[in-house]
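Enquirer: Letter 818 of the sequence shown, counting from 1, is numbered 818 in UniProt numbering, and no numbers are missing.
Do not rely on the hints blindly, as some may be mistaken.
Stated by the list, open to error - Simulated restraints on C-beta separations:
#  : residue 1 : residue 2 : range
1  : N173      : H402      : 50 to 58 Å
2  : I861      : L1153     : 40 to 48 Å
3  : F453      : L1186     : 34 to 42 Å
4  : E1116     : L275      : 55 to 63 Å
5  : E322      : D174      : 31 to 39 Å
6  : R198      : R92       : 47 to 55 Å
7  : G158      : P227      : 40 to 48 Å
8  : L230      : A344      : 25 to 33 Å
9  : Q702      : R722      : 29 to 37 Å
10 : R198      : R722      : 44 to 52 Å
11 : A1102     : N173      : 25 to 33 Å
12 : K503      : F453      : 18 to 26 Å
Unchecked claim - Capping the alpha-carbon separation at 30 Å, the derived lysine-lysine pairs in DSSO-like fashion look like this:
#  : residue 1 : residue 2
13 : K787      : K314
14 : K726      : K787
15 : K504      : K7
16 : K237      : K226
17 : K145      : K93
18 : K314      : K241
19 : K504      : K428
20 : K728      : K787
Worth flagging that the hints you see were computed from the coordinates, not collected in a lab. Even for Gly, the Cβ is constructed at its ideal location relative to N, Cα and C.
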Amino acid sequence: MTTIPTKPSDAQFTDHQWQAIFDEGKNILVSASAGSGKTTVLVQRVIEKIKRFTDINELLVVTYTNAAAREMKQRIQKAIQDEISKETDPKRKQHLIRQLPLLGHADISTLHSFCLKVIKRYYYLIDFDPVFRLLTDDTEISLMKEDIWEELREELYGEEDTLFEDLTTAYSNDRSDDGLTQLVFKLYDFSRSKTNSREWLSDLSSRYDIKGNDLAESTIYQDLAKPDILDTLATAKELLKDAIQISNGEPDLEGTVSILSEDLVLAESIEYAILENRLDDAYTIINNTDNFPRWKNPGKKSQDEVKEAAREMKSFRDKAKEFITAVKTRYFMITPSEQIETMAEVRTLVEELARVSSLFFDRYQQHKADRKVLDFSDLEHLTLDILSFREDGETLPSEASHHYRKQFQEVMVDEYQDINLIQETILKWLTKDSSESGNQFMVGDVKQSIYSFRLADPSLFIEKYERYDTSEDGDRIILAENFRSRNDVLSFTNFIFEQLMDKKVGELTYDQSAKLVNGFTGFPDSQAFSTSVLIYETNEEESDDSDDLSLEDVDVTFQMNTKTKGEIYMVAHKILDMVRNGYQIYDKKMKADRPIQFKDIVLLTPTKKNNIDIQDIFKQLKIPTAVNDTQNYFQTTEIAIMMSLLKIIDNPKQDIPLAAVLRSPIVGLNEVEMARIRLEDKQGSYFDALQAFVTRNDWEDQRNITLQAKLQDFMVYLDNWRTQSKRKPLIELIWLIYEDTGFLHYVGGMSSGRQRKANLHALYERAASYEKTSFKGLFQFIRFIEKMQKKDKDLAEPSAVSDGEDAVRVMTIHASKGLEFPVVFVMDMSKRFNLNDIKGSTVLDEEYGVGSEFIDVVNRIKTPTLPETVLKMQKKNRILSEQMRVLYVALTRAEQKLYLIGSYKNKEAALSKWDKVSGHSKAVLPATLRLDAQHFMDWIGRCLIRHQILDSETGIQSTNPHIRDYDTQFSVDFFTSSELEDHLLSYQNDEAEDWFESLKDGKLKAPGDADVVEAVSDALKLMTEAYPYQLASQTTSYQSVSEIKRLFEEPDDGQMVKIDVTNPRLSHRYVEDELDRPKFISDVSKPSGADIGKATHLVLQALTLSEHLTQDEIQEEVQSLVTKQVITEEMGKRIPIEKLMQFFQTPFGRYILSQVSRIKREVPFSLLLEARDIFQDMQSVDDHVLIHGIIDGYIETEEGIILFDYKTDNVQRFGEQAHEEMLKKYKGQLMLYKKALESILQKPVLETNLVLLDIGETITIEG
């Protein structure tokens, strides 16, 4: 090992940095914590090697992104130039000067760029054609895969004696095969991170083999299931013990403690059976726990403190029960022997899945080869094939490997935590083999490995991190000093992660070597920088994140109507407060405090979903924002118009795109003109109507003549564009449209004109990129864009914001990696973790392949399997481990002040979720409770609740003195919507007063313009003029019977009750108090009374009537409806068949059965009524209202009509008042039916019958 030079006393580097710069002679792993200066160290190491006469082309420096490679080259170039100016030794100076021209060709690049270089140089080693195109567009790749899969799938459907149809049925749904499609695509992508992709796919089913039919001895059980069960039970036991501790020996709680003790014995007995591998015993015990002992509350005479303690004990016990039940749900829903049988069944389907995936693999690879295209994974696999070969069962280095091993004195890898296995294998063949001293230098921070969606594998870093701590074949150097942040930020981050991160969850123990150490001591002392946790109280139960409402209902009252908007307003209030009060931050360049500016603040978001809301709310409050990527490019007006125009150029017979173009500024039609066009052809497409309008030659109305001329001009342009679309490249077509319409210049004159023009230019550039793909033509481009939208691969809006602009930055946490900001707001920390990867029927794992539930394709019954269950738990662990690292990245972006933003229903709900860990004695929280967290704020809260700052908020104080007395400061503040509204309105009022004072002082006066004054006066006159048909605009043209039935509740006076449209509560429409329950909601355990009523009407509608109707015939009809799935089996059981039979035995029931030939059932009707008869104050309005409804039935005789209507209401409760109550409720509706029938049939209604099925009676209303 080379001797490290002595560090000069004036050196700016720490001892560990100095070691990382000079140490060599073995493989070196540098674990560089956030803000530790790893890039500076890497650049300095390169410079020191060059100074010792190493040429730059003898080094391979691998970066994660192209931008990082460019920055690295720039920094190395500057460092070389600085060294040249200082160097006095002529030989060394000449060597340094020689490096500058070499730098342009130096191997400082991403691994993919280096792979490309290897392939172009050594393609002949694998007999590969070096002429190819690189696929860089995800959408092109996606479309190519879909085309290949559709072709292959059709062939597979034509196969006989295969399980493909069963496979499709199992993993897709009744609507499409997308489930299987996505599974095959995921397996392909997953396999490409393996060195042996094809073998990995072929071996998928082997994980379902259980040797010796002993589930307890299987690898998957011992490695994954058993530890999870024991961890879960341990947490349940701890919760129960904490609950017992809360009792504090109180006599009134002895019965409660006894129940908790029984639960504890149960958990211990299950635990013992698991430890002894007695799975059958564990199954028996846990399946006898359906009824836990009933909870016993203290007596009514107990003190309030005792009752409160009992409530807290119950919350702990409920959580413990939840964990014990989870063990049953995950692992013991079926017996161990049944589990083995189920796994054998699944193995057959997984074998078929492996076969199909392998076929797709081969077909897709061949398709790319035929078209001479490669994707990034192909670069890696081809490079690996070039660097090594197989001989006699052994993998050996190739000619290329020997060349690079000889060329590179050292291979440096930046962001090593984000590589995967195949990339690691490539690096192996570029560095010296194990028989020589290592020459690989790896830098990274596994705590910042947040790119699993790119198949990064942090376990490779962790393996070396642990091995190099004691091994002789490598050296581990830890850069713990953070030169970015105040100690307030560092101590808080350490406090959180000492409790959150370990090997079980987080994949790395956050020990002393992982902790952040304060490296910058220049910050002045201040008490104003402790971390602030801001919680918005929603007063609503937590639910899935679905804040998809628009901002249309946000007005100057700043009303909070969703969780998201409440949190944004809370942040806006804090920012305004800081800026207006001159909050002081330390400027490292000035080396002095200064007032905060908007550009010192960043909002870090988990996703881009809420960026538009942030922009709109901040704009309303006059807070400037810089959001470079709002993920709404395709929703911008100008792009939507252009896409509509391109669609009709491709196919004009698309009504919606055509209407959009005609209404746009390109043509500029209004609603009336659009209607005039439609009148020319009411049945055909809108384009047919447009052509008919344009070609008609007998127009007399001048308005139509003018409109026709405008449309003729448009049709000339459209015909030319359609012709040119077949002749010109797409980019020329788009530019031709811009020139012909002047649309590019038009949008430049609109609000945000510069951004809109940038958007249109971006569309042109996107088309230019598309033209370079394997897809051609306008139709494919439209499909290409639609696929991008469907896959949420929206183009980012081109940035129109300069770096120096004084605006609050908004970016995702992932985008912020490597950056730093004085003040950081971590937003939306109550957003639930995305666990979609474990919600389906299957889950993928690097080591164990596919975990799939058993799906009975005949009966559509799903049964969990052990591989599916444990791999989903393992996947969840990995997802949450990465989310933990994302949280670490977010917290470590802050230089000085950190704000954490979240929301709960209220303070009590938050503390209740956090309090479950108060009594935990160890520093690290239980793994089960960490995995139980739903979002970042659950983690944060469960860490904070154990600190003495929150002692007053918990029933159990932390028993871990290290955590309770941790040297960190923070605050937790809760805000209600009313408090925020008051704050924000005060800002608005302040501005209004300033404006008013300025106006009084004459500072806002401007020279008047007579024409402007006159125009404004005319405008005001028009705006204040009363609209003559205002009342008509407040009514509706359509009413259902159920909505308007109350108008007929007093028919005897000959007048209908009218709706007062001048009353705001009743204007626009007369409606029911409740909406019907949507059909897609199926979470009700039993049918409601209304549901049963509807089902009963269906039976009466479908029932075959005869004079000798029997109860069995009614039962058969009900069963028929159940069989046809018109009603559910549960609903069928609740149809009151006996009451129906009872009615048909009454005089009126027998009369209906005797009139089968004359009876009409379920008759829909529409009735036009005068608006003046329905609404008050509309006597002068000549308008009508359409009434629509369905009549249960009537019998038409020669003399007139016998009307009847069934009601299933529960009327027995009214006793003798039943008839009176039902008439009060339904008489108006029956009168409306009567009026409708008399109008339609031109016959009088002789009698109206209200049939009360609940009591088998009929109310008859004569006349």
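Enquirer: Against each hint, give a clear statement of whether it holds in the structure.
Expert: Comparing the hints with the structure gives:
1. N173 <-> H402: 50 to 58 Å: For N173 and H402 the Cβ distance comes to about 54 Å; the hint holds.
2. I861 <-> L1153: 40 to 48 Å: Given range 40 to 48 Å: holds, Cβ gap about 43 Å.
3. F453 <-> L1186: 34 to 42 Å: For L1186 against F453, whose Cβ atoms are near 53 Å apart, the range 34 to 42 Å is violated.
4. E1116 <-> L275: 55 to 63 Å: 58 Å, holds
5. E322 <-> D174: 31 to 39 Å: The hinted range 31 to 39 Å holds for E322 and D174, with Cβ atoms some 34 Å apart.
6. R198 <-> R92: 47 to 55 Å: 52 Å, holds
7. G158 <-> P227: 40 to 48 Å: At roughly 46 Å between Cβ atoms, P227 and G158 fall inside 40 to 48 Å, so the hint holds.
8. L230 <-> A344: 25 to 33 Å: 27 Å, holds
9. Q702 <-> R722: 29 to 37 Å: 30 Å, holds
10. R198 <-> R722: 44 to 52 Å: 47 Å, holds
11. A1102 <-> N173: 25 to 33 Å: For A1102 and N173 the Cβ distance comes to about 29 Å; the hint holds.
12. K503 <-> F453: 18 to 26 Å: 23 Å, holds
13. K787 <-> K314: 51 Å, violated
14. K726 <-> K787: 22 Å, holds
15. K504 <-> K7: 39 Å, violated
16. K237 <-> K226: With a Cα-Cα distance of about 16 Å, the restraint between K237 and K226 holds, given a limit of 30 Å.
17. K145 <-> K93: 55 Å, violated
18. K314 <-> K241: Between K314 and K241 the Cα gap is close to 12 Å, so the pair holds against 30 Å.
19. K504 <-> K428: 29 Å, holds
20. K728 <-> K787: Answer holds: K728 to K787 is near 23 Å, not above 30 Å.
Of the numbered hints given earlier, the model fails hints 3, 13, 15, 17; all others are met.
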